[in-house]
Structures are given as structure tokens and as C-alpha cells.
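Reassemble the complex: the two chains are provided individually, in unrelated frames, and hints are given to aid placement.
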Amino acid sequence: MMPKSSLAASAQQAPLNVARIRENFPILSRKVNGQRLVYLDSAATTQKPKSVLDALQHYYTHSNANVHRAIHTLGEEATQAYEGVRDQVAKLMGGVPRSGVVFTRNATESLNLMAYSWARPRLAKGDEILISEMEHHSNLIPWIEAARVTGATLRAIPITPEGVLDFQAFGNLLNHRTKVLAISHKSNVLGTVNPIKEVAEAAHEAGAIVVVDGAQAVPHLAVDLNELGVDAYAFSAHKMLGPTGVGVLWARPDLLQEMDPFLGGGEMIREVYLDKASYNDLPWKFEAGTPNIAGVVAFGAAIDYLEQLGFDKLVQHEAMLTLYAREKLQEMGGFRLFGPSDVSRGAGVVTFHDKNVHPHDLSTIVDTHGVAIRAGHHCAQPLMRRLGVVATARASFHCYNDRDDVDALVAALHECRKYFGHE
Amino acid sequence: MNDALDGMYREVVLDHYKNPRGHCPLDRYDVQNEGFNPVCGDEVKVGLRIVDGRIVGVHSLGRGCSISVSSGSMLAEILRGKTLQEARDLAQHFKRMMHGEIRPEDYDLGDLEALEGVQKFPVRIKCALLPWTTLLDAIDAYEHGEHAKPSTTEDPQFGSRPNMVKDEQDEKRPV
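Line by line, the protein sequences give chains A and B. For the first sequence, the positions run 50 to 472 when my numbering is used. For the second sequence, the positions run 603 to 777 when my numbering is used.
Pulled out of the complex, with its shape left as it was, chain B reads as follows (with noise of 0.2 Å):
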């Protein structure tokens, strides 16, 4: 009936919502941190465990909208037995597709291609950033040595607000 809402709520991120991975707590974290959107008040927790340098157990636990929950268990599935530099990748990639710089057939995204409708409810795409950017930050802290941060859908890298769009016309606007 409505071509834009069936290609968000594909059945995919749905199945993902409804049967979440990722949930069952991990022995040892080695990689953790807590997401938050404060404007609806959603949570997630993300948690890596790492031998040898690859990424051998994942936890994400999100409470939240389909979207938000959704692309937290893709993070959890999707994780397992890559290195943090694949991780990272993956992550600005999935930025990338999701703010429309490349196409889901650029890059292998599994699942996370499904995600791709989300774009057309820009309000969302925070929702589908949020367990990604709060690995992120949670990597960051980890190659430094400290701890993470909790990471908020209100951070400039998000790149979802108005004003984070605006560099290069403000350059172009005359003064």
C-alpha cells in the first residue's frame, strides 16, 4: 500500500526486531559502550570480545524502535570473526549507505543492505546509526587505551541534523 513504508519495514529488519541477536551477555568485554537518543529515549549497549584480534563474541542489547533494535542485532550477527579494522570499515560504510554517499551494491553490508529504505524517513536514520556509532566510539576508546563515552544520536557525526549539511553552502553564502 505504501511503497516507502514496505521499504523500510522490509521483512528482514523486521524479523530482526521481533527475534533480536546479540542479547545473551558475554563472559568478558573487552570492547563496550552505551548508546543513548535522547530525544525519544532510546538505549543500546554494544560489547565485543577479541582474541587474537578478531572480534570472537558480540553483545547488543537495544531498547527502542524497530529501526534502532534492528540494526543493533545486524551489528551483533554481522561482527563475529572480523578484526576491528573490518569492524570499522563495515561501520563507515553503513554511514555512508545510510546518508546515500554509495549504493548497497558497492560494499557487502549483509542484512544491513535492507536498511537501505530507512533513507527515505530522514528523522529515522539516526535510529539506524545509533548501535553503529556507539561501536565506534567504543573502538576508538579501546585502540586509546580508555573508556568510551556513552555516544548519543545528538553528536555532530551522526550527520542527520539540518545543521550538519550546511559546510559547503555556508562557504559559498556571501558575507
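The following block holds chain A by itself, in its conformation from the complex (with noise of 0.2 Å):
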């Protein structure tokens, strides 16, 4: 991330064309209600942009066979476009080995994986599982279960009152029986970015292997696997402008090699017989059945968009809007925002409540004005309770964002006020 001041500084400007962004997403034409279409859940789900729509359209029209196993032209040509895509996967993260890039359904698969394949076996009673306070249900579900089979014990990094990770209590939990580290990169809820390098580090040192949700990182930010020095990272397509369905896990392939499958079929074998059988080279031995073939292809074009729009433009841009959006609801007033206020430790995402508004009304009021913003837990219930609410709001944001949205849902916020008054 980069530092404060300059982020300051390029907050006044506008880094990204949002204009024209927004006419290659042809859902931002639809109208909401009547109104015109303020899409603020990105953190839920990104809309996709035309090129990543043609590509799937032309992947079915145009190549459409199964990957890997057919001797003819198309077979050929969705073999390449698939394989191309674990290609630019590599690239986007720094150049890792594309040995280790696995294609899932999506990062809960991902994290699954690792769970399944690689703790599940490796872990015993007096074994510990790191994670923080701050995890969607994706990196907490999967933990809670490989302990419970496996007798280990779990333990969670708490959180500072501005929602940053607690380093000091984070190196007091790490112990040599620590034997996994599994942290979100970004908080869906915070927007806080953790010191992943730093913390792998540590957990290293301690000799952990490090799990890392890139869920929401990925999408915003550049990440380089080299520098962050992680054992896996696991993020979605469908955050990332592209279609749902597609997950990716990168793991170290040593680690991955080590690994029994964690789905056996078609696709992940060498040699098969009746009662026993060899298994693909990596990373083919992860990904047993037919893949979402056209869905990768689809997300090939939302990288390609994504490098084309520049990360460090979308994270001033980001920046930019939270920081703008948080000014907004604080001169509204009345509200509880969550997350760090400097926004170079965490951007994207503004999560609030009004005491007066339950965050269900606040969002149904708001998308009679075409506004789609998220309300509720988001998937991290441990999170809510350590904040003290039951549920939040949550604006979040992409390329295709801008100030007029942001005033979009300060107006129509304030109709809530309207029913339920403040005080």
C-alpha cells in the first residue's frame, strides 16, 4: 500500500475514467426500482464487464469441447485458452510457478483444499490452528472442523478497536505448536489489509505453514506471492470481475506434491486400475472432473481488464471513494463506522450503523432508490459479536464507482431517517 500522504494527495485527483468504465458494464444501464442502478456490493459479488460476457459467449460459440483428453480442433483450442489462463493466474501473482495454480469453484473451495488435503492428515491433539477474529465463514468453517476431527486446538488473533490486527497478542498466541496460520488478506467487512508478509514470516519462524484468503485482496490490490512469502492463497474470479464459479489456489508445490487429492475422478489420474490407482502431475491432480472451462476462459478476459485499468490507479481510486464516503456518513452523522479511518491500512469497503436503523430496513429503503448495498452478518459472526452488533451495512466498491454513488446512497439514506428519526 502506499503511504498516507501521497494517497492523500492523489485522492483530489481521479484516477480512473469511471465514465467510461462504465459503459463496458452493461448491467450499469439497467435501472433499480425506477432509479438508476447504484451497485455498491462489489465485496459480495463485482458486476462483469462485456469483454469477460463475450468471452464466455465465445468460448461456447466458438470452442466448446471438453479440456485435455480430445485429439480434434476444438478440444485443442479449449485446452489452450484453459491452460492460458492458469498462465496469466501466475503472472498476476508475482510469477509463481503455474504448477501450483489450481482451479476450484471458488475460494471456499480453496481454503477446503488446503483444510481437507493438507491439515486434516497433518494434524494432531496438542496441534494448534492460528486464525484472526476478523475471517468470513470461508476461513473459519473449514478449521473448526479439521480440529474437531482431528483433536487439535484453534485459536484466534483478536482484533484492535480500530480493527487491525493485534500483533502483540498474535505473537503471544504463536507457539511451536502452532502448525497453521489461516488469515484473510483483506476483511470483508473492515477493508483492513494484515501485514501478511510480516505475519508469515513469524508463523514460520515458529514453523507454521501460511494459509491466506486473497478473496478480497486480489480484486483491489497487486499481489505478489514472492514477496508475501505465503505456503497458499486462495481467491475467487467472480470478485474480480469475472464469472462465478471459478476459485483459485495457490500452493507451494512441494506442498501441493506432499498432498494426498481432495476430490478423486476424472482429469487428477496417471494410471487407474481396479483397486488402486497413480495420480496426475500438478496441478491437474487437484482438479478431478470436467473444470469450468468457459468460466476460466471468461476470467482470463477479467484479468486482462483488470491489468489494463492499472492496480495502483484502483487502489487511489478506492481510496479516494472510502475516504469520501466515510466524510459523507460522519457529516450525516449519527452512524458507527467500522474499520480503520487511514485509509492506506484498508480501503473498499465502508461498513456502518445507525443505532435508530436495523441494517435490513436501512438496505431496503436504500434499493427503493436503486441502491444495492450489503446487509447483515457478511459471513463473519464471530467479527459482529466482537463489534458489538448483531448485523452492519456495507458500501462497498470497484472501477465502476464513483462520488455520484456514494451521494446516491447518502441521499437515499436519508429517507431512512425519514421513517425512523434520530435523535
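Misleading hints may appear alongside valid ones.
A partial selection of chain B residues facing chain A, derived with a Cβ cut-off under 7 Å [unchecked claim]:
id, residue
1, 659
2, 667
3, 668
Far from chain A, by Cβ distances over 10 Å, these chain B residues were calculated [stated by the list, open to error]:
id, residue
4, 604
5, 626
6, 630
7, 647
8, 663
9, 679
10, 705
11, 715
12, 721
These are computed hints drawn from the structure, not numbers from a lab. Think of the CB as a built atom: it goes at the ideal place given N, C-alpha and C, for glycine as much as any other residue.
Spelled out as C-alpha cells, the structure:
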């Protein structure tokens, strides 16, 4: 992340041409409840540019065939397109070996893959799994279950009142029994970006492997896995302008090599007998069955789009919007804002709570104004408990949002006060 | 400004939300249950005290949105003095109104009629029904001499999920 001063300076300019970008997203021209759609729920899933939709359509109209087995032109084209995206992902993540890039259904499946195939056979009573209080359920439930089945102990790193990781507590929790640190790169509720490189170094010193949930990070920041030095990293295509149903697990190839397969079936085998089998090379050992070929191909178009935008500009743009939204909500008054106020520690997400209006009521009311925000526990119930709320409202941004969208949200929030008043 | 919103957030609904009835705990519970909406984390508690076949005390405590809290508050007000059968009839008729099967004027639902406007917001119907389904589960368990299992909005009896309204269409679909 860039230093605060340069962020603040760049926040004055508009780093992205949003009007131009919006033209690339067909859904943004539709109306919701008679109003312009103001989509502020990109942390749940982003909208898709036309190039991604075209890639899906083009794949099915021109090259549809199964990958890796057909000895015909279409099969060859499909395989090349599919494997080409694996190279794109390897490059996007900082030039990591492609044999560590496994396509899954989503980040959740990627994290489960690590919990099932790496952790379960290796953990025992006395071992510890370290997570954080800000985890999404997808990086929590697989570890709760792994701990339950193996007898290992699950420990959670607390967060500070500012909504960042309590580093001192982390140091105290880490010990030679810690076998896995499973942590999110960026919180889906707080927007906080965790110092992954530092925590990974410390965890490695203690002898643990580091599994990172990058679902909220990769769509918004340049992520260099070589620099972060983690052992496994999970994310989803649909949160980064790509289609649903495609996820990525990147893991160190030597780690994947030692691991048993996660799912069994076609594609992941080398030789099969009635009573035994040997398995395919990496990464295909972990890709059982026909994958979401069209989805992966379209994901390639999404990566192209993001790279053309430039992550530097995206970071600046989202920091600018986050600052603007926090300022506007504070101006309006009566909201509790969560997450770091310093946008260099996390941006792109503005989570808030009005003690007089339940987030569901907020969400319903702003929706009648065409504004889509998220209301609920955001799949992070332990974090909600920590923050002392049942649910919150969240506005989240991507490249197609601008200040007008924030203004539309604020105007709609004024409507809520009409029904629920304010002290 | 917005008719649909005005129809949902009627004054009587907001009054129940801001000053919910039935918060006081009872000294004894004959019928008791909890309900959850796992999607948003809303919770309700419903408890009844029965004497000579009539409801003499109602405890209703909700933590959630205006619609679920208001519906629970109305429940507390309307059930007092009723028999369990009358409570059950009321719950069934309320559910039918919320699903658009009957009109408010077809049955005396008291303040509950004000929740009719929620129909325009299909995802919120289950908020209105949560206290009532929790109550129905509690009465069922009581009459079977059992403890009620917590109710949730994801239970098929809510009928608010798209896959629950499909039965007839499914039959018509060519095989």
C-alpha cells in the first residue's frame, strides 16, 4: 500500500475515468425500482465487463470441447485457452510456478482443499491452528472442522478497536505447536489489509504453514506471492470482474506434491486399476472432473481488464471513494463506522451501523432508490460479536463506482431517517 | 414519496418497533421457543403462560429489523386471553395474508393487518413471519408434550423461498 500522504494527494484527482469504464459494464445501464442502478456490493460479487461476457459467449459458440483429452481441433483450442489462463494467473500473482495454480469453484473450495488435504492428515491433539477474529466463515469453518476431527486446538488472533490485527497478541499466541496460520489478506467487513509478509515470516519461524484467504485482496491490490512468502493463497474470480464458479488455490508445488488428492475422478489420474490408482502431475492432480472451462476462459478476460485498469490506479480510486464516503457519513451523523479510518490500512469497504435503523431496513429503503448495499453479518458472525452488533450495513466499491454513487447512497440514507427518525 | 415504503413502514408498525410490547419476562412458561433468521442474525423469543386453557401471559423479545420486532410486539398484544386454538388460527390467517392468499378484511387480525404492506418486499415477508412460526412450533411441541426445536426462517413452512412455490409448476413441466 502507498504511504498516506501520497494517497491523500492522489485522492484529489480522479485516477480512473469512471464514465468510460461504466460503458463497459452493461448491467450498470439497467434501472432498479425506476432508478439508476447504484451498485455498492462489489465485495459480495463484482459486476462483469462486456469483454468477460463476450469471452463466455465466444467460448461456447466457437471452441466448446472438453479439455485435456480430445484429439481434435476444438479440444485443442479449449485446452489452450484454459491452460493459457493458468499462465495469466501465475503471472498476475507475481510470477509464481504454474504448477501451483489449481482451479477450483471458489475461494471457499480452495481453503477447504487445504484444510482437508493438508491439515487433516497432519494435525493431531496438541497441535494448534491460528486464525484471526476478522475471518470470513469460509476461512473459519474448514478449520473449526479440521480441529474437531483431528483434536487440534483453534486459536484466534484478536483485533484492536481500530479494526486491525493485534500484533502483540499474535506474537503471544504463536508457538511451536502452531501448525497452520489461516488468515485473510483483506477483511470483507473492515477493509483492513493485514501485513501478510510480516505475519508469514513470524509464523514460518514458529514452524507453521501460512494459508491466506485473498478473496478480498486480489480484486483490488497487486498481490506478489513471492514477496508475501506464503504457502497457500485462495481467491475467487467472481469478486474480480470474472464469472461465478471459478476459484484459485495457489500453493507451493512441493506442498501440493506431498498432499493427498482432495476430490477423485477423471482428469486427476495417471493410471487406474480396479483397486488402486496413481495421480496426475500438478496442478491437475487437484482438478478432478470437467472444470468450469468457459468460466476460466472468461476469467482470463477479467484479468486482462484489471491489468489494463492498473492496480495502482484502482487502489487510489478506491481510497478516494472510501475517504469520501466516510466523510459524507460522518457529516450526516448518527453512524458508527467500522474499520480503519486511515485508508492506507484498508479501503474499498465502508461498513456502518445506525443504532435506530436495522441494516435490513436500511438496505430495503436504499434499494427503492436503486442503491444496492449489503446488510447482515457478512458471513463473519464472530467479528460481528466482537464489534458488538448483530448486523451491519456495508457499501463496497470497484472501478465502476464514483462519488455520484456515494451521493446517491447518502441521499437514500436520508430517506431512512424519515421513517426511523434520529436523536 | 415512496408508496411501497410508506405501505410497509406504517405508523403502527414503527410504533411497535420503537416501543415493543411483551418484553417483561414471565414467572413461568408453559409454551416457549426461540426463532432465528440465519441470513441476517435476527432472533426472537416467544413464551406463553397458560391458565385453564387460556393465554394469560405473553413474553416476546426480538432482536432484529423493524418488521420482525414489530410483528413480535403485535403478537404479544394480540394473544392475551386467547385459547391455543385461537392463537393457532390467528397465526395461520396471518401467514395466509402475508402470502397474499387472503385480504386483511377477511379475518380480524388487529394491528397485524398493518403488516400487509410488507408483501411488496418479498425478502422481508419471512421477517414478519418469524415470531409466528416460532409460536406455531412452540404450540405443536407443547401439545405433543415436547420441547420445541428452535425455528428458522429457512424452514420450508415459511414458503418464502422461490423453490417452495414451485410444486404446481413442477407437475405441469413435461418430463
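Tested hints:
no.	hint	in the structure
1	659	violated (27 Å)
2	667	holds (4 Å)
3	668	holds (5 Å)
4	604	violated (5 Å)
5	626	holds (22 Å)
6	630	holds (29 Å)
7	647	holds (14 Å)
8	663	holds (13 Å)
9	679	holds (21 Å)
10	705	holds (23 Å)
11	715	holds (19 Å)
12	721	holds (13 Å)
The structure fails to meet hints 1 and 4 from the earlier list, while all remaining hints are met.
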